[in-house]
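With the sequences and hints as input, model every part of the structure.
There are 2 protein chains.
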Amino acid sequence: MATFYLSPSKSLTIPLQTDLSSSTPKPLVGFRCNLSLPSKTPAVTAEPPPVYSTVKTFAPATVANLGPGFDFLGCAVDGLGDFVSLSVDSLVHPGEISISDISGNNVGKLSKNPLWNCAGIAAIEVMKMLGIRNVGLSLSLEKGLPLGSGLGSSAASAAAAAVAVNEIFGNKLGIEELVLAGLKSEEKVSGYHADNVAPAIMGGFVLIRSYQPLDLIQLKFPNDKQLFFVLVTPEFEAPTKKMRAALPAEIGMPHHVWNCSQAGALVASVLQGDLMGLGKALSSDKIVEPRRAPLIPGMEGVKKAAMEAGAFGCTISGAGPTAVAVTDNEDRGKEIGELMVQAFAKEGKLKAYATVKQLDRVGARLVSSAR
Amino acid sequence: MATFYLSPSKSLTIPLQTDLSSSTPKPLVGFRCNLSLPSKTPAVTAEPPPVYSTVKTFAPATVANLGPGFDFLGCAVDGLGDFVSLSVDSLVHPGEISISDISGNNVGKLSKNPLWNCAGIAAIEVMKMLGIRNVGLSLSLEKGLPLGSGLGSSAASAAAAAVAVNEIFGNKLGIEELVLAGLKSEEKVSGYHADNVAPAIMGGFVLIRSYQPLDLIQLKFPNDKQLFFVLVTPEFEAPTKKMRAALPAEIGMPHHVWNCSQAGALVASVLQGDLMGLGKALSSDKIVEPRRAPLIPGMEGVKKAAMEAGAFGCTISGAGPTAVAVTDNEDRGKEIGELMVQAFAKEGKLKAYATVKQLDRVGARLVSSAR
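Protein chains in written order, with full-length UniProt numbering: chain A, 1 to 371; chain Y, 1 to 371.
Calculated directly from the structure, the hints in this document are not laboratory data.
Don't be surprised by glycine CBs; every beta carbon is placed ideally from N, CA and C.
Check the hints yourself; a few may be wrong.
Claimed, not checked - To give an idea of the interface, some chain A residues facing chain Y are shown, with a C-beta separation under 7 Å as derived from the structure:
#1 Pro50
#2 Thr54
#3 Asp71
#4 Trp116
#5 Leu207
#6 Arg209
#7 Tyr211
#8 Ile251
#9 His256
#10 Val257
#11 Ala265
#12 Leu271
#13 Leu275
Claimed, not checked - Pairwise CB distance ranges, derived in the manner of DEER restraints:
#14 Glu330(A) to Leu247(Y): 55 to 61 Å
#15 Lys346(A) to Asp224(Y): 52 to 58 Å
#16 Gln212(A) to Ala245(Y): 30 to 36 Å
#17 Gln342(Y) to Gln358(A): 28 to 34 Å
#18 Ala245(A) to Val107(Y): 54 to 60 Å
#19 Tyr192(Y) to Ser368(A): 25 to 31 Å
#20 Pro254(Y) to Leu91(A): 30 to 36 Å
#21 Asn329(Y) to Gln358(A): 41 to 47 Å
#22 Gln218(Y) to Glu330(A): 27 to 33 Å
#23 Gly79(A) to Pro290(Y): 41 to 47 Å
Said to hold, decoys possible - Straight-line C-alpha distance at most 20 Å; calculated SDA-like pairs for lysine to any residue:
#24 Lys241(Y) to Glu187(Y)
#25 Lys220(A) to Glu187(Y)
#26 Lys242(A) to Pro254(Y)
#27 Lys242(Y) to Pro254(A)
#28 Lys346(Y) to Ala293(Y)
#29 Lys286(Y) to Pro254(A)
#30 Lys220(Y) to Pro254(A)
#31 Lys286(Y) to Gly252(A)
This is the structure we're talking about:
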């Protein structure tokens, strides 16, 4: 096991490892951070040189929970997500990273301090894993996902950043390490859950089996089957605290058995490419959705509208407020989306927009690179 | 929809449909029953003639629960089970069934009244579904499974009987109807659960998705993979009431999410033929096994012994007292079994016997027939 030393500058001596894992981090003074403190699990023994001067990566939106898959299942959605551009930057102190730009709608809330930014935190973790102390990096984040919509916005940023750093240094790390880096980020911004960041990195459906140790199961949806997600996002800020508080602390045995069996059915439907079964499972949650749906104005009517329009199933995406329905046909998906938008307007008095996207089977990826 | 009338004799006018579904049936006077009352779901519109004069069927033992699959998952075990011989018998009143013989170890408790015998109840249900009123049948039950061992003894009898009646009349009914017939039997003797009787009829792994309507998912374990069950049954009567009473009424959210994810992982492992994953899932239950294992003397030590001997996983079969471990090799299975038997002796002061059997992929089947 290699040991990493403080970078020559010793400009920041804050124990970052502790800060990053602490839920109440100490205030920091700059927008850059020292990455050269010891890593718990250094994945490479010698610092790799950058193989590109610049890379651009993409990471997809994700739908977590999926009804009875609450807190352990998620999947990636193609054509919707965040981009990260990353460059070797001699103006950035070696071993450090700087966030130069954040673009996209409504991104004013996002910090450019890498220690407080999901992309920054994940990037820092990957730099730590790689033991980077002689190269400075500059990161630019292009948000394609709205914040707080229930589509894994923070996970997409983290995934794109983790993959970007890994790619610029020659793709030395494995999936698991990238997910762990993403988890560090999620832990800070939305809780220690991998059900968005794992599918954002890996693509497809991912089951989080355990965290200690991290154990992920990729669930392959058959290549010859098509799966479309109808994502309908209302203009409504889901009250995260309320959403969490709405969860029951205790669950009666009949509901536990029911949801467990539906979770099993969901996994079987994914692996068997059974779209009707998948939709049915998606719609079947008796524990979380019944508590959360009433907190999103119109959600119950939206689900009803989706089912009446022929969706195979419908539920809340993540903690909402986006509603997700599934179908096997893009045009049908658009019709379903329109009716769901109408239902949000009628039943929830909310303006909403719909988009129809396919399952993403790839996950976070390199989009372009230059040497 | 066909309507069935009372048989010409009108010898028994007890409303059987009601009696069979009632939890407190009225006492009956004979060992035969009238099958010609209306059936809720007549599956065939004309009474089929028998195509054989006699048939013999087999139905396998089953392992239900499988750790986190509590109350909705089960699988069949080859080479261990019950036989039913069924004959057209002119001495039996048309439309009725008689149990002529029950053989096997320790079967004294079993009633020969078809209304109170698992095989009889299932057979009656199938006769009802087929609308049999002109043929009398005689049934002989050969118990290969010990009662109350947690290996689906009642389900095996019911499955073998249901399939026998269906076969003797030309195999007119589908799997679902046979399972429903088996369920009628299970309802009466051990509760309305299909997690034994469905795999006993269908073979392999079966997920019970719902009862209203009955929705079953067959989970195909890859043909090119071997899966052995080490079944170790102690000489101990598991206290059924205590076993049920030991279940928690309420489950905390973290345990619910954990068990749900393990159930999903179990399903994925079966479909992907991932034996290590399957074993891990089998061993992972945090809700039921921790409550029930202490009620079976030595069980915790037996599980430990199985794992130390190289089993992929181990848990309680059904409600016990049989312990089930999984492995991919018969000889290894025998070694594991010996160590589990030793552990039952040492830790539970119980005599136990071990058997190693493969996954049954076929389910209840015709063994022989004569015209």
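Outcome of the hint check:
1. Pro50: 38 Å, violated
2. Thr54: 39 Å, violated
3. Asp71: Since chain Y brings a Cβ to about 5 Å from Asp71(A), closer than 7 Å, the hint holds.
4. Trp116: Cβ of Trp116(A) sits 28 Å from chain Y, so the hint is violated.
5. Leu207: 5 Å, holds
6. Arg209: 5 Å, holds
7. Tyr211: 10 Å, violated
8. Ile251: 5 Å, holds
9. His256: Holds: closest Cβ of chain Y sits about 5 Å from His256(A), inside 7 Å.
10. Val257: Holds. Min distance 5 Å.
11. Ala265: With a closest approach of 5 Å, the Ala265(A) hint holds.
12. Leu271: Holds. Min distance 5 Å.
13. Leu275: 14 Å, violated
14. Glu330(A) to Leu247(Y): 55 to 61 Å: 46 Å, violated
15. Lys346(A) to Asp224(Y): 52 to 58 Å: About 54 Å separates the Cβ atoms of Lys346(A) and Asp224(Y), which means 52 to 58 Å holds.
16. Gln212(A) to Ala245(Y): 30 to 36 Å: Cβ of Gln212(A) to Cβ of Ala245(Y): about 32 Å, so the range 30 to 36 Å holds.
17. Gln342(Y) to Gln358(A): 28 to 34 Å: At 55 Å between Cβs, range violated.
18. Ala245(A) to Val107(Y): 54 to 60 Å: 56 Å, holds
19. Tyr192(Y) to Ser368(A): 25 to 31 Å: 59 Å, violated
20. Pro254(Y) to Leu91(A): 30 to 36 Å: 46 Å, violated
21. Asn329(Y) to Gln358(A): 41 to 47 Å: 42 Å, holds
22. Gln218(Y) to Glu330(A): 27 to 33 Å: 31 Å, holds
23. Gly79(A) to Pro290(Y): 41 to 47 Å: 45 Å, holds
24. Lys241(Y) to Glu187(Y): 16 Å, holds
25. Lys220(A) to Glu187(Y): 37 Å, violated
26. Lys242(A) to Pro254(Y): 18 Å, holds
27. Lys242(Y) to Pro254(A): Holds, at about 18 Å.
28. Lys346(Y) to Ala293(Y): 16 Å, holds
29. Lys286(Y) to Pro254(A): Between Lys286(Y) and Pro254(A) the Cα gap is close to 16 Å, so the pair holds against 20 Å.
30. Lys220(Y) to Pro254(A): This hinted pair is violated, its Cα atoms lying about 26 Å apart.
31. Lys286(Y) to Gly252(A): Roughly 15 Å separates the two Cα atoms, so the pair holds.
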